[in-house]
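Q: For reference, the chains in residue letters:
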Amino acid sequence: MVSAQCPQSRRAKEVRRYGLIYAGLTPFIVIAVFPVYWMAVTALKQESDLYRMDVIPFWFYLPPTLKHFKYLFEHTWYAAWIVNTMSVSALVAVLTLLTAIPAGYALARLRLPGAENLGIAIFMTYLVPPIILFLPLSRVVSELGLQDRWWALVLIYPTFTIPFCTWLLMGFFKTVPMEIEEAARVDGCGQLGALVRVVLPVSLPGMLTAVIFSFTLSMQDFLYALAFVSISDQKPVPVGVATELIRGDVFFWGSLMAGALLVGIPVAILYNFFLDRFITGITGAAVK
Amino acid sequence: MTATPGGGPPDTGARVAAVPIAGRVAGRAWWRAATARRLAFGYTLLAPAVLYVGLLVGAPFLFSLYLAVSDANVGDPVASFVGLENFRAAWESPTFHIAWQNSLIFTVVAFVLKGLLGTTLAFLLLQSFRGKKLVRGLVVIPFTLPIAISVLGWKWMYDSQFSLINWALRGVGLIGAYGTEGWPVWLGQPHLALFAVISVNVWRSFPFSAIVLLAGYTSIPPEVLDSAKVDGATFLQRFRHVVVPMILPILLVGLLFDTVFTLSDLSVVYLLTNGGPDNATQILPTLAYQIGIQAGALGRGAAISLFLFPLLLPAMILLLRNLRRREW
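Read top to bottom, the protein sequences are chains A and B. Start counting the first sequence at 2; every next residue gets the next number (the working numbering). Start counting the second sequence at 333; every next residue gets the next number (the working numbering).
If you're looking for bench data, these hints aren't it; they were derived computationally from the structure. Honestly, I wouldn't trust all of these hints.
To be verified - Keeping only pairs whose Cα atoms sit at most 25 Å apart, straight-line, the calculated DSS-like set for lysine-lysine is:
no., chain 1, residue 1, chain 2, residue 2
1, A, K14, B, K465
2, A, K71, B, K465
3, B, K464, A, K14
To be verified - Derived CB-CB ranges, DEER-like:
no., chain 1, residue 1, chain 2, residue 2, range
4, B, V444, A, G20, 23 to 33 Å
5, B, S425, A, R17, 53 to 63 Å
6, A, G115, B, F455, 21 to 31 Å
7, A, G115, B, V441, 33 to 43 Å
8, B, G390, A, I30, 17 to 27 Å
9, A, V31, B, L506, 39 to 49 Å
Ideal Cβ placement from N, Cα and C applies to all residues, glycine included.
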């Protein structure tokens, strides 16, 4: 009897432990996910279904519709905003790779005097908030004639992607074993040759991470796009949705949510997969 | 060893010595040339990034200092030096005081709430249970969704008439009917509006606090905790003398990062209330934007945004000290 009771009580304890954990986690999951769920439901509801307070609003009273998505593409600049966002992100990624790869490599590998301080200085610039820089940068943008064109964002976004990605790639290059580079040098590669032919190919995951972050960090910006681009067809998605679908006191809630989620969800998923890299990137400073 | 004829030994000795010396000299020259090449190569590789960041972060930062002491505005390109006039004018305006105070309240209250929620969540995620990856993926959604996008969802939930929150509260009888005193207008009543914008910031960042804490905790080698246990340290002792000191650096970086973000983020307040009602939710970033871009007073706007700097500086110095301790 004793021997039969023991495992049973242990199992009961285990069940209780699980119960407590899930009970503790449920509110967090609900808080985190509910707003997104609500946005999705709103995006798919018919207009008259949106403004009913007499029925339970969490689900569809009238059949769901894609009308709001259609409205976005037919009556707003949404398609152009997507193209703008993609173009900006792609060009920013290219600029970032072109500058951050060599810089990260030099800081990690070439034993430059002062490399440590220089690395820290570059990373610190990532922490200078846009709100301090946007006024002087608005001058720079207008001097260059880029006012109200998405090209302005291509110029400005690397100010935060380069510091972050340099830091990230520097950490990455440190993990590439020195020996393979030395082997390449012995085989007659020059310094640049060794970098291009040997180090870069094994660093593809790091470079991919840098591209992802150029993309997601560009998507997180709101201030620069708001301050520098005010012509409808030049805006990137977040600013376009927030400024063009709210006209005075009139809100197009359905299409607002549709437009927000259509780009928000892919970015969130992508970022989700690379979140740990992001955390190591910024806290990497504190971990050996 | 055979004996050598008279003149032999020094001669051979000289020859034997001469080769390595020559070799050493040549080697040193070669070494020096190689070093010079390596340095030149290194600085060439660094140059584009350093120039970019220097020209578009460093120079603008200095330029914002200059703007702040000038009367520059959008219409008039020739600015003259006005000393600390912009700072004085800002300091004397009542709106600025509200913004400054709100920025502090915002940061401190959000910090405490994020700390509490983040620690609880981190503690739960430390346990082993099935479906952990999925749960983690779900709870970090607020942080991974671009902020300007999720704020729109919140704006809809805070709607003055069709607020879902009010529907739920009304359902359980906590608030009055629409149109009466008892119906909260989240973004229209001063205290509620401040609470509403802070909530969104907390919602956005608590997963970040949790994940940073987790990263810190998992960076502690289990052997360290085990050996402390073997040595007879109690749970509290282990926590105080092992866990806290080891997590602290990571925690600090995470907190500083979040503080910088919270203090300088414009999008939540701009999209939800634009500083209203009647400046009740005005914070320094929104005020700087309104004055610098919308009213075109670049100098005054720059001065206001620079008031953030003393708030950010301690965070940055702490971070810098932390980074320097890193082992390379």
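Q: Each hint needs a verdict: does it hold in this structure or not?
A: Here is what the structure says about each hint:
1. K14(A) - K465(B): It holds: about 23 Å lies between the C-alpha atoms, which stays within 25 Å.
2. K71(A) - K465(B): Violated, because 35 Å separates the two Cα atoms, which is more than 25 Å.
3. K464(B) - K14(A): 20 Å, holds
4. V444(B) - G20(A): 23 to 33 Å: 29 Å, holds
5. S425(B) - R17(A): 53 to 63 Å: 59 Å, holds
6. G115(A) - F455(B): 21 to 31 Å: Distance hint for G115(A), F455(B) is violated at roughly 42 Å.
7. G115(A) - V441(B): 33 to 43 Å: 41 Å, holds
8. G390(B) - I30(A): 17 to 27 Å: 43 Å, violated
9. V31(A) - L506(B): 39 to 49 Å: At 18 Å between Cβs, range violated.
Of the numbered hints listed earlier, those contradicted by the structure are 2, 6, 8 and 9.
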